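S.K.: Listed below are the residues making up each chain.
Number of protein chains: 2
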Amino acid sequence: MQVHPVLIAGQWRESAAQGTFQAEDPAEQRTIDDLYPMSSWADADAALAAAAAAADEMRLLEPARIAAFLEAYAARIEARKSELVEMANRETALPKSPRLADNELPRTSNQLRLAAAAAREGSWALPTIDTNLDIRSLHAAIGPVCIFGPNNFPLAFNAISGGDFAAAVAAGNPVIALGHPCHPNTTRLLAEEASAAACQTGMPAAAVQLLYRLSYADGERLVADPRIAAVAYTGGRASGLKLKTCADRVGKPIYLELSSINPVVILPGALAERSAKIADEFTTSCLSGTGQFCTNPGFLLLLRGPLTDAFITAVVERFRSAPVGTLLSRGVCESLARGVASLRSAGAELLVGDADGGGRGYSRSNTLLRATGDAFLRSPADMQSEAFGNASLIVVADDIAQAARVLRHFEGNLTGTIYSESRGGEETEYAAIAAQLRPRVGRLLDDKMPTGVAVSTAMNHGGPYPATGHPGFTSVGIPASLRRFSMLQCFDNVRQSRLPAALRDRNPGGGTWRLVDGQWTTGDVKPRNS
Amino acid sequence: MQVHPVLIAGQWRESAAQGTFQAEDPAEQRTIDDLYPMSSWADADAALAAAAAAADEMRLLEPARIAAFLEAYAARIEARKSELVEMANRETALPKSPRLADNELPRTSNQLRLAAAAAREGSWALPTIDTNLDIRSLHAAIGPVCIFGPNNFPLAFNAISGGDFAAAVAAGNPVIALGHPCHPNTTRLLAEEASAAACQTGMPAAAVQLLYRLSYADGERLVADPRIAAVAYTGGRASGLKLKTCADRVGKPIYLELSSINPVVILPGALAERSAKIADEFTTSCLSGTGQFCTNPGFLLLLRGPLTDAFITAVVERFRSAPVGTLLSRGVCESLARGVASLRSAGAELLVGDADGGGRGYSRSNTLLRATGDAFLRSPADMQSEAFGNASLIVVADDIAQAARVLRHFEGNLTGTIYSESRGGEETEYAAIAAQLRPRVGRLLDDKMPTGVAVSTAMNHGGPYPATGHPGFTSVGIPASLRRFSMLQCFDNVRQSRLPAALRDRNPGGGTWRLVDGQWTTGDVKPRNS
Numbered sequence: 001m002q003v004h005p006v007l008i009a010g011q012w013r014e015s016a017a018q019g020t021f022q023a024e025d026p027a028e029q030r031t032i033d034d035l036y037p038m039s040s041w042a043d044a045d046a047a048l049a050a051a052a053a054a055a056d057e058m059r060l061l062e063p064a065r066i067a068a069f070l071e072a073y074a075a076r077i078e079a080r081k082s083e084l085v086e087m088a089n090r091e092t093a094l095p096k097s098p099r100l101a102d103n104e105l106p107r108t109s110n111q112l113r114l115a116a117a118a119a120r121e122g123s124w125a126l127p128t129i130d131t132n133l134d135i136r137s138l139h140a141a142i143g144p145v146c147i148f149g150p151n152n153f154p155l156a157f158n159a160i161s162g163g164d165f166a167a168a169v170a171a172g173n174p175v176i177a178l179g180h181p182c183h184p185n186t187t188r189l190l191a192e193e194a195s196a197a198a199c200q201t202g203m204p205a206a207a208v209q210l211l212y213r214l215s216y217a218d219g220e221r222l223v224a225d226p227r228i229a230a231v232a233y234t235g236g237r238a239s240g241l242k243l244k245t246c247a248d249r250v251g252k253p254i255y256l257e258l259s260s261i262n263p264v265v266i267l268p269g270a271l272a273e274r275s276a277k278i279a280d281e282f283t284t285s286c287l288s289g290t291g292q293f294c295t296n297p298g299f300l301l302l303l304r305g306p307l308t309d310a311f312i313t314a315v316v317e318r319f320r321s322a323p324v325g326t327l328l329s330r331g332v333c334e335s336l337a338r339g340v341a342s343l344r345s346a347g348a349e350l351l352v353g354d355a356d357g358g359g360r361g362y363s364r365s366n367t368l369l370r371a372t373g374d375a376f377l378r379s380p381a382d383m384q385s386e387a388f389g390n391a392s393l394i395v396v397a398d399d400i401a402q403a404a405r406v407l408r409h410f411e412g413n414l415t416g417t418i419y420s421e422s423r424g425g426e427e428t429e430y431a432a433i434a435a436q437l438r439p440r441v442g443r444l445l446d447d448k449m450p451t452g453v454a455v456s457t458a459m460n461h462g463g464p465y466p467a468t469g470h471p472g473f474t475s476v477g478i479p480a481s482l483r484r485f486s487m488l489q490c491f492d493n494v495r496q497s498r499l500p501a502a503l504r505d506r507n508p509g510g511g512t513w514r515l516v517d518g519q520w521t522t523g524d525v526k527p528r529n530s
Numbered sequence: 001m002q003v004h005p006v007l008i009a010g011q012w013r014e015s016a017a018q019g020t021f022q023a024e025d026p027a028e029q030r031t032i033d034d035l036y037p038m039s040s041w042a043d044a045d046a047a048l049a050a051a052a053a054a055a056d057e058m059r060l061l062e063p064a065r066i067a068a069f070l071e072a073y074a075a076r077i078e079a080r081k082s083e084l085v086e087m088a089n090r091e092t093a094l095p096k097s098p099r100l101a102d103n104e105l106p107r108t109s110n111q112l113r114l115a116a117a118a119a120r121e122g123s124w125a126l127p128t129i130d131t132n133l134d135i136r137s138l139h140a141a142i143g144p145v146c147i148f149g150p151n152n153f154p155l156a157f158n159a160i161s162g163g164d165f166a167a168a169v170a171a172g173n174p175v176i177a178l179g180h181p182c183h184p185n186t187t188r189l190l191a192e193e194a195s196a197a198a199c200q201t202g203m204p205a206a207a208v209q210l211l212y213r214l215s216y217a218d219g220e221r222l223v224a225d226p227r228i229a230a231v232a233y234t235g236g237r238a239s240g241l242k243l244k245t246c247a248d249r250v251g252k253p254i255y256l257e258l259s260s261i262n263p264v265v266i267l268p269g270a271l272a273e274r275s276a277k278i279a280d281e282f283t284t285s286c287l288s289g290t291g292q293f294c295t296n297p298g299f300l301l302l303l304r305g306p307l308t309d310a311f312i313t314a315v316v317e318r319f320r321s322a323p324v325g326t327l328l329s330r331g332v333c334e335s336l337a338r339g340v341a342s343l344r345s346a347g348a349e350l351l352v353g354d355a356d357g358g359g360r361g362y363s364r365s366n367t368l369l370r371a372t373g374d375a376f377l378r379s380p381a382d383m384q385s386e387a388f389g390n391a392s393l394i395v396v397a398d399d400i401a402q403a404a405r406v407l408r409h410f411e412g413n414l415t416g417t418i419y420s421e422s423r424g425g426e427e428t429e430y431a432a433i434a435a436q437l438r439p440r441v442g443r444l445l446d447d448k449m450p451t452g453v454a455v456s457t458a459m460n461h462g463g464p465y466p467a468t469g470h471p472g473f474t475s476v477g478i479p480a481s482l483r484r485f486s487m488l489q490c491f492d493n494v495r496q497s498r499l500p501a502a503l504r505d506r507n508p509g510g511g512t513w514r515l516v517d518g519q520w521t522t523g524d525v526k527p528r529n530s
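Protein chains in written order, with this note's numbering: chain A, 1 to 530; chain B, 1 to 530.
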């Protein structure tokens with residue numbers, strides 16, 4: 001059987017492989033035929049050389065060209081929809097509909113188009129002009145970006161088509177994508193379209209490159225290579241932190257999205273008001289995608305009280321009766337079992353689940369655990385073990401003060417959620433909880449489960465360490481996500497004709513928002529008298 | 001003699017010292033009497049506990065309160081001007097006038113007032129509202145910030161009064177300042193005013209704290225402590241990188257300003273046009289502050305040609321005849337000698353200088369070195385050794401292509417400068433140089449020396465590693481510098497009354513710029529129908 005080629009410098013070329021690997025269908029638990037290369041350093045080196053050259057070319061490109069590429073790519077993804085959905089389903093067992101066909105694929109093309117619009121429009125770069133001193137600045141391309149994609153969004157977070165990809169390219173950078181080894185066929189289909197779109201729109205040959213897999217050592221070497229300007233990684237914590245160490249050592253920005261258990265706090269007033277509705281919402285949020293969302297609510301905090309046990313019972317029933325989904329891979333299945341075991345050995349009591357199987361292929365029964373606030377406070381670190389998948393821990397605190405103490409021990413998380421009585425009868429309790437939760441999470445929600453990350457200008461899919469590597473950045477949400485892949489460039493006394501278009505007196509296209517003398521405007525700058 | 005107390009939790013209290021130290025007058029080369037404590041970990045621990053409590057209080061403060069503090073502090077600095085100038089001069093030998101009294105002190109109070117205005121006005125936080133989805137976000141206080149100040153700006157970059165301090169406080173954070181050990185008396189005077197201003201304006205007791213000095217080990221422990229949310233450091237590269245390692249290991253943002261040699265390229269057309277003027281500008285820029293500015297032009301790149309040798313001779317004459325300034329300290333004097341020795345051993349030829357003394361106290365004669373482009377390309381790393389002080393290296397390249405090759409080897413720098421013929425006759429050459437320089441520097445200048453860093457909205461005092469630790473941030477320039485000390489906070493479906501004022505439908509004060517549905521506006525948001 002032939003080994004699939006890699007995409008380097010605009011060519012699909014035979015990999016200088018040091019081995020091969022194959023994907024597995026997690027529902028059938030059967031290996032998929034195609035052979036993919038585990039690249040040797042020679043592939044990475046060739047991609048790096050080509051990326052460095054492409055970065056120089058891309059710095060001179062009109063943003064409109066980059067936008068055209070992203071839009072052509074979006075259209076090509078849509079044109080190949082059925083094949084992509086079929087393949088992604090086969091490699092991840094995520095449902096074809098609505099998940100892949102109706103949510104994730106449209107999200108992917110939408111995100112590429114939003115990034116295209118941001119690139120064309122230019123406001124993402126926060127162009128800033130001080131007319132008095134003739135100092136001007138903006139965020140500009142940083143250089144080649146290396147992206148490691150996760151397994152749980154084979155399209156919308158794929159290293160070659162997802163949010164990081166769209167942001168890095170829209171900011172003007174070439175990308176070296178490292179596919180996730182569990183879905184190489186899906187990644188290949190996407191890369192074929194990316195490559196064709198790049199060709200069709202006249203992008204530099206190496207604007208988009210793909211390696212399917214590298215050894216850990218070569219991955220670390222890639223991240224540290226001086227030809228890479230920035231890195232994005234979404235995935236497990238241990239691997240991410242290894243790459244972070246390599247990037248940090250050479251002073252390179254690395255944007256991580258690691259683990260998050262997304263605490264949800266339900267105050268008694270909310271339970272009194274709408275217990276069944278919340279039990280439904282919680283169950284749906286916990287089990288959709290078989291619990292494999294980054295913002296899956298893995299931790300539920302309740303207060304001891306008359307309604308609490310009934311609520312828990314209701315959730316347990318829902319977990320027991322809900323269908324059991326297939327997990328993304330054998331690895332996820334095993335790590336879920338380990339995560340639940342950690343929680344149990346930390347003192348959590350099993351309410352339901354923690355059994356192998358129950359669904360098609362790799363699966364584990366829907367799992368709920370329970371612990372007291374005291375038990376949590378005895379081992380707060382272990383009680384925050386992530387059990388990625390369809391398992392959640394419920395902690396019942398004695399009172400609001402203990403609940404606040406529980407949250408005070410929390411690591412950084414992507415989201416934090418508070419349900420409260422709807423007519424404002426729990427403001428004191430809300431404030432006590434929010435005071436602890438707010439500084440520890442990227443996104444705070446009221447009365448709404450955290451799954452479902454809208455691509456909105458105001459979205460923050462980020463949070464304090466170890467949810468991410470820097471609490472000031474978001475990986476979802478355009479235009480902010482583009483700025484991760486930029487450097488701040490200032491022009492001091494630089495002649496008009498030499499300035500980037502976005503910083504010249506005349507507003508390029510007339511629609512770019514610029515901060516001129518402290519005021520945001522889409523207008524032109526009056527030429528200086530001097 | 002009594003040991004000066006430290007400022008912890010709003011009190012000047014006796015330090016749990018593990019030793020003492022004294023400043024030295026570098027012009028007189030004589031120890032200054034006052035004894036200062038080298039704090040033990042107990043002091044740091046007490047400051048950390050107080051800072052954590054202050055951070056919780058400050059999150060609830062009105063921005064106007066913080067602004068009032070910064071403004072009161074600015075006024076108190078001005079009221080104590082003569083004493084501050086006297087003391088800073090004594091501890092650093094920087095001239096009283098114009099440097100300290102007319103430039104640096106006004107810059108310090110101005111910067112505090114600009115930060116106050118930014119805090120009050122709120123636009124720095126980039127409040128962003130998506131009305132359709134009711135998702136809202138802004139940059140908010142990150143938590144306690146630890147600031148290490150440098151020696152070369154005892155007022156305007158002092159850990160307790162400088163740009164980092166103003167930015168961190170304006171963003172809503174308490175500060176633990178680590179004074180530079182060479183000017184503790186100046187730092188004490190500033191801290192007295194900071195503390196009095198905090199008291200006068202009702203700030204939390206531990207909003208501003210000061211330790212004069214820690215052991216290296218305790219400094220590293222402080223940076224890694226979970227009660228510190230972010231770190232700012234300006235100073236030598238080796239110490240800065242040690243702190244960075246500690247911060248990186250625990251996933252904490254650290255903003256560094258390390259070394260920079262600030263390459264200046266002068267094209268032949270500029271020399272033909274205004275050789276003497278440029279020789280004056282270059283000499284002034286190199287020798288002002290005895291070359292001890294972060295943006296000091298330590299590297300001059302010329303092209304071989306008929307006017308080049310004459311220009312170099314003219315600069316040598318100016319260096320020889322210019323008065324020799326006093327260096328900041330014995331340490332700076334020694335490191336300057338080492339830096340010049342590195343350049344000489346890398347193959348640079350001495351044109352003038354490199355002799356001990358020549359000025360009052362710690363001083364070394366104004367120094368110029370020269371090397372060919374070939375010599376540079378043989379040892380590009382050594383040829384970029386920083387000789388912090390009144391010394392610069394001139395590299396003469398064979399032609400524009402070799403000059404571009406020289407720049408291609410450059411590390412990240414704060415600034416890069418190009419002088420060219422004023423009527424546009426050197427655009428091709430400019431483009432070849434700018435293509436290499438632009439991605440390697442934070443600020444690019446035309447026809448203007450890089451010293452003099454205006455506090456402008458558009459300023460970037462930053463640059464790629466190792467000039468700083470992240471190329472997306474600036475330490476000078478308000479409002480951008482505030483965002484370093486923030487986390488991105490998103491509010492999803494959160495009730496109006498629970499939102500920060502800047503995110504409510506009604507624009508707070510009516511003047512805050514907010515990105516509402518993709519458009520910047522100072523208007524209110526129409527209440528939703530739902």
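One or more hints might be untrue.
[Stated by the list, open to error] Think about it this way: if two alpha-carbon atoms lie no more than 27 Å apart in a straight line, the pair counts; the simulated DSSO-like pairs of lysine-lysine are:
1) A:Lys-96 - A:Lys-81
2) A:Lys-448 - B:Lys-242
3) A:Lys-242 - B:Lys-242
4) A:Lys-448 - A:Lys-96
5) A:Lys-526 - A:Lys-277
6) B:Lys-526 - B:Lys-277
7) B:Lys-448 - A:Lys-526
8) B:Lys-96 - B:Lys-81
9) B:Lys-526 - B:Lys-96
[As the list claims (entries may be wrong)] Where chain B lies over chain A, by a calculated footprint (3+ residues, C-beta under 8 Å):
10) 250-257
11) 437-449
12) 452-458
13) 470-476
14) 480-488
15) 508-518
[As the list claims (entries may be wrong)] Calculated Cβ distances over 12 Å to all of chain B for the following chain A residues:
16) Asp-56
17) Lys-244
18) Gly-462
Treat the hints as calculated values from the structure; they're not laboratory data.
For clarity, every value in this text was computed on a predicted model and none was experimentally measured.
Even glycine gets a Cβ: it sits at the ideal position worked out from N, Cα and C.
S.K.: Compare the structure with each hint and give your call.
M.R.: Consistency of the hints with the structure:
1. A:Lys-96 - A:Lys-81: Judged against 27 Å, a Cα distance of about 11 Å means the pair holds.
2. A:Lys-448 - B:Lys-242: violated, 44 Å
3. A:Lys-242 - B:Lys-242: Since the Cα atoms of A:Lys-242 and B:Lys-242 sit roughly 19 Å apart, the hinted pair holds (cutoff 27 Å).
4. A:Lys-448 - A:Lys-96: OK: A:Lys-448 and A:Lys-96 at ~25 Å, within 27 Å.
5. A:Lys-526 - A:Lys-277: Not OK: A:Lys-526 and A:Lys-277 at ~58 Å, beyond 27 Å, violated.
6. B:Lys-526 - B:Lys-277: Measuring from Cα to Cα gives roughly 58 Å; hence the hint is violated.
7. B:Lys-448 - A:Lys-526: Distance ~22 Å between B:Lys-448 and A:Lys-526 Cα, so the pair holds.
8. B:Lys-96 - B:Lys-81: OK: B:Lys-96 and B:Lys-81 at ~11 Å, within 27 Å.
9. B:Lys-526 - B:Lys-96: Given that 27 Å is the threshold and the Cα spacing comes to 55 Å, the pair is violated.
10. 250-257: n = 4 at 8 Å, threshold three: holds.
11. 437-449: holds (count 9)
12. 452-458: Contact hint for the region 452-458 of chain A vs chain B: holds, 4 residues under 8 Å.
13. 470-476: holds (count 5)
14. 480-488: holds (count 6)
15. 508-518: Satisfied; 4 residues make the cut.
16. Asp-56: violated, 7 Å
17. Lys-244: violated, 7 Å
18. Gly-462: violated, 6 Å
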